[in-house]
Structure formats: C-alpha cells, structure tokens
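Got chain R; can you put chain Z on it based on the hints?
2 protein chains.
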Amino acid sequence: MATFRNFKVVPQVIFGRGSFNQLDDILSKKRSNPNDRVVFLADDVFEHSDFKNRIPLRPDDLLIWVNVNDEPKTKYVDALRDQVRNSSSKLPAGIIGIGGGATMDLAKAVSLMLTNPGSSADYQGWDMIQTPAVYHVGIPTLSGTGAEVSRTTVLTGPQKKLGINSDYTVFDQIVLDPELIAGAPNPQRFYTGMDCYIHCIESLTGTYLNAFSRAYGEKSLELCREVFLGDCADADDRLMMASYFGGMSIAYSQVGVCHALSYGLSFVLGLHHGIGNCVAFDYLEEFYPEGVREFRQMMAKHGISLPRNLTAGLSESQMEKMTDVALVLEPLWENALGKNWKKVMTRERIRELYQRM
Amino acid sequence: MATFRNFKVVPQVIFGRGSFNQLDDILSKKRSNPNDRVVFLADDVFEHSDFKNRIPLRPDDLLIWVNVNDEPKTKYVDALRDQVRNSSSKLPAGIIGIGGGATMDLAKAVSLMLTNPGSSADYQGWDMIQTPAVYHVGIPTLSGTGAEVSRTTVLTGPQKKLGINSDYTVFDQIVLDPELIAGAPNPQRFYTGMDCYIHCIESLTGTYLNAFSRAYGEKSLELCREVFLGDCADADDRLMMASYFGGMSIAYSQVGVCHALSYGLSFVLGLHHGIGNCVAFDYLEEFYPEGVREFRQMMAKHGISLPRNLTAGLSESQMEKMTDVALVLEPLWENALGKNWKKVMTRERIRELYQRM
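Those sequence lines, one after another, are chains R and Z. Counting from 596, one number per residue, gives the positions in the first sequence under the numbering used here. Counting from 596, one number per residue, gives the positions in the second sequence under the numbering used here.
Just chain R, with the same shape it has in the complex:
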C-alpha cells in the first residue's frame, strides 16, 4: 500500500504590501503578558538601514543581527541558541527570522534547539526532532528558496550539509510582504529566484510528482517566467508567490540532480546555495534540456555571468568529499532518475560533472 506524506502546512499566512506593519499585533497575541520576550534574528545587512527601525521591538526583546556571509553552520546555530539561553532563564515567546533563506533557516534551527537537547548537528536528517519548537515566525526579505514553507532548515555540519527535516521545523506564521524584497540587489535576487525556478524544473520532471505538487509547481514556474522573462509591474509580489508555491510543491515532489550537486559545491567551496544551483544547472542540459535553455535566456536578460573553473584547483580529497556530499542525498537522485538511479549516477559520473564546473 502506498503511503502519502501528511503534509504540514504553515498554518498562518499574511500576504500584502505593508503587512510587515502588522507584526507587532501578531506577536502581541503570543505574549502572555505585554513584556514577554521575543527574539528577533535579522540579517545584518539591515543593521544600518532604516528598515531596522521598523522592527517592532518591545523593552525586553532581544534583537540579534546574524551574519550569513557563510551558509548556516550547526556551530553557529548552537552559539545563537546559547546566546538566547544565556540572556534569560525563560524560554522566549517567539523566534522571529527576518532575512533570506539562510536567516530563516537559522531562526527555524534556533527555535528547535531551544527545546531539544544537544547540538543541532545531532538532528541533521529526517524526523529526529522529538519536542515541538518555540513559536517561530518567518519573514522573507529575499524570495526563491521556499524556506518560508519548507519542513527543513539546511545546515552545514562537521560531516555533511543536510537539513533538520521535521514537521516541527515548519514556521507557525509567515509574513509575506513584497515590499521587503524590493531592495535586494540584482545578482542576489536572480540567484535566489533561480533556486525556485530550478526547483520547479526538477520537481516537475521528477518521478515523485502527483497532482498536488504539479499544480503548485506549474504555477510557480509560470510566475518565475513572468518575473524573469516578462515585464510586470508587480514582479516582487509574483516572485514572492513563486517562492511560496515552489515550497508548497515540495509536498509530494523532490528536487533533483542540480540540488544534489549544488550541496556538494556549497560544502566544499562554501558557495551560497542560490549561486551554487546556477553554477551546476548550467552543466545539466542532458538532464533538463528545456529548463537549462530557458535558464540561459533568463541569465542573458538579467546580465548574469557565472563564475567558472571553480573545481580546477581542488585536491583529490576535496573532490571525493564533494562527491560524497552529493551522493548521500538519495531521495533527490531517486526523484530525478528513478529507483535504479545508482546504475545511472556513479561516483565517476558525478566527479566528471564536477570537473566541468
């Protein structure tokens, strides 16, 4: 008997230009008394911006500027968790992540690690979290990753790049305010948007797909095309919806070859997820011919040129490690290539693909 995932959906969604202004009101309902402490984890790109003053801090709240120059590491999550713990003997009433996918992942992970013992590295995998997280809210300021709806928080640990996949990871509330993504600089906006585009191509051509994920994936892809090949006035609104739909489509689908290879690039080269996907995708025409051609049109329209020859100087052990990181992601390979994927995708073939990048 086939079994289907009982998909955990973010239960509260607010969408609209200016909806960020309702954050204080939303949080006040979660503070049992008005001075209950809330912890904000915000991307430090906003530390010296006007936006900083719009964060609805109350006297006992804690605002931590997080740095995501590197992809989130388990060590960083543990340190942030300790910082929150050391600042008060009481659990916070909420953890609020404001930023791109990396910042939202940090917020998810910290909210989980405040109620679960040990290091976040102990939970990299599937359904290992035992205790519900602290109430946590995601507020994207970049769109494309789908981190606002996903049941994972992607972390780089001492051994692997792998998410904490759990229903408890899912945000309790998201605030989708298209005004917040308007300021993202072009290359970063493009790479993050392509995370969504590539993810849709991978899931729509995958073997796991059903009508639920297809409906979300097809609409997300359409929105990506409107945003990156069209010319629409409300592109930020559409990109935000593309990301949300892309994330929802993962319910009964998976990403594929590109995401698997991109994980290896990130682990060994420290490449950010969005750009890592783009670097890998450009070499995957044999797997995703139409998708790669359209992706190149999008790159041309947005004046993007990708870094090249990234793996040329790597040592033997680095190449091996990169291959290991990619190979461990079995569901991705199975989705892309079917149950017999191991016959198609050998270590040698992965390595050969990496050598071109």
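Incorrect hints may have been included.
[As the list claims (entries may be wrong)] Heads up, simulated SDA-like pairs for lysine to any residue below, C-alpha to C-alpha not over 25 Å straight-line:
{"#": "1", "chain 1": "Z", "residue 1": "K685", "chain 2": "Z", "residue 2": "P654"}
{"#": "2", "chain 1": "R", "residue 1": "K624", "chain 2": "Z", "residue 2": "Q607"}
{"#": "3", "chain 1": "R", "residue 1": "K624", "chain 2": "Z", "residue 2": "M723"}
{"#": "4", "chain 1": "Z", "residue 1": "K603", "chain 2": "R", "residue 2": "N760"}
{"#": "5", "chain 1": "R", "residue 1": "K685", "chain 2": "R", "residue 2": "D673"}
{"#": "6", "chain 1": "R", "residue 1": "K603", "chain 2": "Z", "residue 2": "L922"}
{"#": "7", "chain 1": "Z", "residue 1": "K603", "chain 2": "R", "residue 2": "D717"}
{"#": "8", "chain 1": "R", "residue 1": "K916", "chain 2": "R", "residue 2": "D717"}
{"#": "9", "chain 1": "Z", "residue 1": "K625", "chain 2": "Z", "residue 2": "T726"}
{"#": "10", "chain 1": "Z", "residue 1": "K625", "chain 2": "R", "residue 2": "Q725"}
{"#": "11", "chain 1": "Z", "residue 1": "K937", "chain 2": "Z", "residue 2": "E880"}
{"#": "12", "chain 1": "Z", "residue 1": "K625", "chain 2": "R", "residue 2": "F602"}
{"#": "13", "chain 1": "Z", "residue 1": "K647", "chain 2": "Z", "residue 2": "N781"}
[Claimed, not checked] The calculated label-pair distances, taken between Cβ atoms and stated as ranges, are:
{"#": "14", "chain 1": "Z", "residue 1": "N630", "chain 2": "R", "residue 2": "D645", "range": "54 to 62 Å"}
{"#": "15", "chain 1": "Z", "residue 1": "D762", "chain 2": "R", "residue 2": "P727", "range": "16 to 24 Å"}
{"#": "16", "chain 1": "R", "residue 1": "A674", "chain 2": "Z", "residue 2": "S682", "range": "53 to 61 Å"}
{"#": "17", "chain 1": "R", "residue 1": "D619", "chain 2": "Z", "residue 2": "D655", "range": "56 to 64 Å"}
{"#": "18", "chain 1": "Z", "residue 1": "N628", "chain 2": "R", "residue 2": "P712", "range": "23 to 31 Å"}
{"#": "19", "chain 1": "R", "residue 1": "R600", "chain 2": "Z", "residue 2": "P712", "range": "32 to 40 Å"}
{"#": "20", "chain 1": "R", "residue 1": "D619", "chain 2": "Z", "residue 2": "P629", "range": "41 to 49 Å"}
{"#": "21", "chain 1": "R", "residue 1": "Q725", "chain 2": "Z", "residue 2": "H643", "range": "42 to 50 Å"}
Simulated from the structure, these hints should not be mistaken for lab results. All of these numbers come straight from a predicted model, not from anything done at the bench. All C-beta atoms in this analysis are idealised placements derived from N, C-alpha and C, irrespective of residue type, glycine included.
Just chain Z now, kept in the frame of chain R:
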C-alpha cells in the same frame, strides 16, 4: 493603513489516491488512549455502499449518517450536537466529516457547537466564535465547494443563510483522496465543480484581489478548464486540486454577484448551492461575459440543462425575502462592484434579475 487578513490555513493535508486508508493511523495519534471516541458524520448516500466498510471505526466510535437532501440548517446542527453530547459525557477526540460541502459544513459546525454554548444560529456572522472547536477532519467525496479549506460553514437559519465565519471553523486536517470523488453522479459532479469555476471567475474579476489570491485563482481556473473542457485521465485529481486552490484563493478575494444571488435562491427555494450558482450564473453575462460564455460551453459538453422559471410562482413576500438574503452579503457586492455598489445594485435590479430565473 491597509490591514491584511492573517489567513488561517488547514495545517495538515494529505493528498493521494488511496490516502483515505491512512485515516485510522492519523486519528490514532489524536486518541490519547486507543479507545478514545471519534465521531464520524458521513453522507447517508454511503449508508448502503461498500465504502461504508472502509470507515475505520473503533469500538467506542459513533458513526452518524447525515442527510443533506436539504442544505444544512442550524436546527439540524444543534440536533446533531445534542446527539453527540447525549451519547457520552466526554467530548469526542475528533469529528470527521465525510461527504460533499454540506456534510463537511455540518462536521465543522458540530465541532464548533460542542465547545460553544447556545444555538449555531447565534454564531451566523463573522468572528463570533470564542472557543476553539473539537479537532475536526474534512474528507471530501465531491469537489468544488472549497469547504475543505474555507473558514466558514454555510448554514440556513431561521432568519438567514449565512456562514459561521471563524478561524476556529477551519479543519485541523484534510484527507484529499481523488478515488473518493470518482463515484459522484454527473449532474451533481458538474454543479459542484461549477461552484469552483464560478467562484474563480468572481474572485479574479473582483476588486479585492491580490497576487496571493490571483495565483491560486488562476491555477484553479486552469484546472477547471482541463477537467470540464479537456480530456485528461486524471480529471478527479485535478478537480480535487481545483477545489483546494479555489478555496485557498478566497484568502484575499471574495465571491461576487452570482454567489450573492444564489444564496437567496437557496434560502427561499431550498435549491442546493451548486445548482443555485449555475441557475444564477447563466443570467449574469453583463457582469461576467467571458465566464458565462465558457460556462455554457461546459454545460453543452456535459449535457446539462438547467431548471427554468423557478421564481415565476413566488409570492411578493418570498421575492422580498430572497432580495433581503442576497443584499445582506455586503462584502460580495463590494468585491464585485466596488465601494459604491449600492448605487449600482438596487433592490429593484436584484429583483429584476431574480424574475428572469
């Protein structure tokens, strides 16, 4: 400052052919001990079917066959609530609705009225429920109404046809199994599907729309076209997704002229919601020209002929009542016709529209 609805989304969704088989497993997690009582409200069309034996009853569970030949009435909700209460001194661990929109609405209403005092007629309106409902699950066996995701349960009371609109109305879990809608007879399947189609036309042409609701509405409309004008093998899967997306699109949109008039028809003539919508929509070419033309193509393809001259024999007071029921639905008129809708849509004009039907 514009404020946006903080939209309550059904937090657990399972979608797939055969996913109904996982119901016992899902419910077992909600029973604190294995014999905790669950109450099933199932459409009595299944009373003598094989499907009956697939309902995962445990020894202390209560299975109530509900009759929805008439649209759900507040009196019926109160009687069902009393029946559940009188059968045990403990609140049930869950209320499970299995059927079309009417049955799902009964399940939602009973789950609310088990924890809120008085009659369900006292709560017809917006945000009047004070106490969370008993855990409740929706399992559609007909698709189109969007009742599986909506925050309303539409009831006919002594004074009005109006929903109990509340975040607490929203199901805690839905089971979307396309196999369950395969047996619906053609006219009923068509009328219910058209509830979704018409709803999309009304919301996509309305004044309330934003990018969130547009994305859901557009995809829902596309799926409706594939199902009712196309020829696809997985039509049941797509129809189920059309209904889900149509319901989600209501977050930041509203229905319009057709639904408002249809409510009046149901109240006075006892017409079911789906057929009521179809009867009204066929006379609304001036408001929805393209939608009505496409709707007629769908009717032709599916061999549907609508009842006519329904209002010819009505008394003066019945015509007045019908007009009153339609006029009270202010958000629907405002969405369709803008803030100054009262100048456009007078009592006389509504009456004139009804007289043609």
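Where does the structure disagree with the numbered hints, that is, which hint numbers, in rising order? 6, 7, 17
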